[in-house]
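Engineer: Chain residues, written in single-letter form:
Protein chains: 2
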Amino acid sequence: MELLKNRMIKDGDVKPGNVIKVDSFLNHQIDIDLLNAIGKEFKSRFEGVRIDKILTIEASGIAIAVIAAQYFNVPVVFAKKTESKNLDKDTYESDVYSYTKGKTYTIRVSKKYLNEGENILIVDDFLAKGKAARGLIDILDMAKCNLSGIGIVIEKGFQKGGDEIRSIGVKLESLAIVESIDDGNIVFGEASPSRRD
Amino acid sequence: MELLKNRMIKDGDVKPGNVIKVDSFLNHQIDIDLLNAIGKEFKSRFEGVRIDKILTIEASGIAIAVIAAQYFNVPVVFAKKTESKNLDKDTYESDVYSYTKGKTYTIRVSKKYLNEGENILIVDDFLAKGKAARGLIDILDMAKCNLSGIGIVIEKGFQKGGDEIRSIGVKLESLAIVESIDDGNIVFGEASPSRRD
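Going down the list, the sequences are from chains F and G.
The first sequence begins at 30 in the numbering used here and counts up one residue at a time.
The second sequence begins at 30 in the numbering used here and counts up one residue at a time.
Any given hint could turn out to be false.
No copy labels: a pair is met if it fits in one copy or bridges any two.
What the hints assert, rightly or not - List time: in silico DSBU-like cross-link candidates among lysine-lysine, alpha-carbon distance up to 30 Å: (1) K140 <-> K130; (2) K118 <-> K39; (3) K34 <-> K118; (4) K34 <-> K173; (5) K44 <-> K118; (6) K69 <-> K132; (7) K50 <-> K118; (8) K44 <-> K130; (9) K50 <-> K173; (10) K158 <-> K50; (11) K140 <-> K50; (12) K158 <-> K132; (13) K132 <-> K72; (14) K34 <-> K140; (15) K132 <-> K160; (16) K158 <-> K110; (17) K160 <-> K130; (18) K72 <-> K118; (19) K39 <-> K173; (20) K200 <-> K34; (21) K141 <-> K44; (22) K140 <-> K200; (23) K132 <-> K118; (24) K39 <-> K130; (25) K34 <-> K141; (26) K141 <-> K189; (27) K69 <-> K118; (28) K130 <-> K118; (29) K173 <-> K189; (30) K34 <-> K44.
Quick caveat, the hints were computed from the structure, so don't treat them as lab data.
Being a predicted model, the structure only gives us computed values, none of them experimental.
Here chain F stands alone, though its shape is the one from the complex (with noise of 0.2 Å):
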């Protein structure tokens, strides 16, 4: 996605240890044009695919799923990273693993919200390692749901989560990928040919 791959060039800042931020319109400030551009792309590449709700995490992924989700015409669920009183105790859980913060999380989803046979698209901000996509599939396998695809803003190609996922038959679309980072700048790829369907 052009517009996405020009702002993270313009605005995106790459810091040591290959960490992209762009919290200057996605993840802290949102560019609310930028996000419905994003929400509508995923449509466009999802489309023909059937899409009862869409999955995400808490934070950063709630503004992408609920903008995503009005083209989609489908509610939002969101995974809790945390727990709280007036959550359900009747929950879908597992464990995640966040290279970003340095410790493992508990997602948790309450069980009403996931109906058994109800197809997910997932979608997300990041995708590296693959850690949360790879929680939410096993709370959507608990739960039996179908997983639709997986939309992922930007994957950071070269940790390899995403070509992991592509291999095990998930269709997983990244509207940018970043190959490389080459002395402080973003070089975008492809998910890899062979993986592709």
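Mind docking chain G on chain F? Use the hints.
Structural biologist: Just chain G now, kept in the frame of chain F:
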């Protein structure tokens, strides 16, 4: 807002301790049509008010803020509750006590995304004692921003935080004000008339 109140009566769940659970349509599973109606209603409540940016707080606030932002045509900034390696070191911070979670947490906004003189609308899902809203107001004061107003989806009027904020001259608009909970039923009310502008 009748659509919201009717939905709260139909699908809201009152729990011991005056907890109103709306996670089937607002803060775990999200009904996008209702969220759009909420966004439009905020636009109408703040018609003619100068707003350059919407500020909210993760996680549930994000969904409301980004949908509303489409009607205001402004960017969103959300305060973060968790420390992250990726967040700038240079942040405005405020401590907020959460009665729901029973603990104090620190909210942070990068200084880059709040500029002196900007007109800011705060939005959030709930307001009870008003601690989160006051934390956000603190941050706007530090940033020398102007508070254009506060838009709340559900105010627990009996917990008085809303009227305290109105009494300091803030334009606070809540789309549903719960006056009391009577034998498990939600009773709606209005903001204290003496304190309305």
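Engineer: Look at each hint and say if it fits the structure.
Structural biologist: Hint check:
Both within a single protomer and between protomers do K140 and K130 lie at most 30 Å apart by alpha-carbon distance, with minima of 27 Å and 21 Å respectively. Only between protomers do K118 and K39 lie at most 30 Å apart by alpha-carbon distance; the minimum there is 22 Å, versus 45 Å within a single protomer. Taking the shortest alpha-carbon separations for K34 and K118, only the inter-copy value of 26 Å comes in at or below 30 Å, while the best intra-copy value is 41 Å. With identical chains, the CA atoms of K34 and K173 are never at most 30 Å apart, being 36 Å at best within one copy and 33 Å at best between copies.
In this homomeric assembly, K44 and K118 come within 30 Å of each other (Cα to Cα) only across copies, at 13 Å, whereas the closest approach inside a single copy is 39 Å. Within a single copy, K69 and K132 get their C-alpha atoms no closer than 34 Å, and across copies no closer than 39 Å, so neither meets the 30 Å cut-off. In the homo-oligomer, the alpha carbons of K50 and K118 lie at most 30 Å apart only across protomers (13 Å), although the nearest pairing inside one protomer, at 35 Å, exceeds that limit. For a Cα distance limit of 30 Å, the shortest separation of K44 from K130 inside one copy, 15 Å, qualifies, whereas the shortest one across copies, 34 Å, does not.
For the identical chains of this complex, K50 and K173 are inter-copy neighbours only, at 26 Å across copies versus 35 Å inside a copy, given an alpha-carbon limit of 30 Å. When the C-alpha separation of K158 and K50 is checked against a cutoff of 30 Å, the pair qualifies only within one copy, where the shortest distance is 17 Å, while the shortest distance between copies is 35 Å. For a Cα distance limit of 30 Å, the shortest separation of K140 from K50 across copies, 15 Å, qualifies, whereas the shortest one inside one copy, 34 Å, does not. For a Cα distance limit of 30 Å, the shortest separation of K158 from K132 inside one copy, 14 Å, qualifies, whereas the shortest one across copies, 32 Å, does not.
Taking identical chains as interchangeable, the C-alpha atoms of K132 and K72 are never at most 30 Å apart, the minima being 33 Å within one chain and 40 Å between chains. In the homo-oligomer, the alpha carbons of K34 and K140 lie at most 30 Å apart only across protomers (25 Å), although the nearest pairing inside one protomer, at 37 Å, exceeds that limit. In this assembly of identical chains, K132 and K160 lie within 30 Å of each other by CA distance both inside one copy and across copies; the values are 12 Å within and 29 Å between. Proximity of K158 and K110 under a CA criterion of 30 Å is satisfied in both settings, with 18 Å inside one chain copy and 24 Å between copies.
Taking CA atoms no more than 30 Å apart as the test, K160 paired with K130 passes in both settings, with 13 Å inside one copy and 27 Å between copies. Taking identical chains as interchangeable, the C-alpha atoms of K72 and K118 are never at most 30 Å apart, the minima being 34 Å within one chain and 36 Å between chains. In this assembly of identical chains, K39 and K173 lie within 30 Å of each other by CA distance solely across copies; the values are 28 Å between and 42 Å within a copy. Only within a single protomer do K200 and K34 lie at most 30 Å apart by alpha-carbon distance; the minimum there is 21 Å, versus 40 Å between protomers.
Taking CA atoms no more than 30 Å apart as the test, K141 paired with K44 passes between copies only; the shortest distance there is 17 Å, against 40 Å inside one copy. In this assembly of identical chains, K140 and K200 lie within 30 Å of each other by CA distance solely inside one copy; the values are 25 Å within and 39 Å between copies. In the homo-oligomer, the alpha carbons of K132 and K118 lie at most 30 Å apart both inside one protomer (23 Å) and across protomers (20 Å), since each shortest distance falls under that limit. Within a single copy, K39 and K130 get their C-alpha atoms as close as 26 Å, which meets the 30 Å cut-off; across copies the closest is 40 Å, which misses it.
Within a single copy, K34 and K141 get their C-alpha atoms only as close as 38 Å, which misses the 30 Å cut-off; across copies the closest is 22 Å, which meets it. When the C-alpha separation of K141 and K189 is checked against a cutoff of 30 Å, the pair qualifies neither within a copy, at 33 Å, nor between copies, at 32 Å. Taking the shortest alpha-carbon separations for K69 and K118, neither the intra-copy value of 35 Å nor the inter-copy value of 34 Å comes in at or below 30 Å. In this assembly of identical chains, the alpha carbons of K130 and K118 lie at most 30 Å apart whether taken from the same copy (26 Å) or from different copies (15 Å).
Proximity of K173 to K189 under the C-alpha cut-off of 30 Å is restricted to the intra-copy arrangement: shortest distance 27 Å within a copy versus 44 Å between copies. In this homomeric assembly, K34 and K44 come within 30 Å of each other (Cα to Cα) only inside a single copy, at 17 Å, whereas the closest approach across copies is 47 Å.
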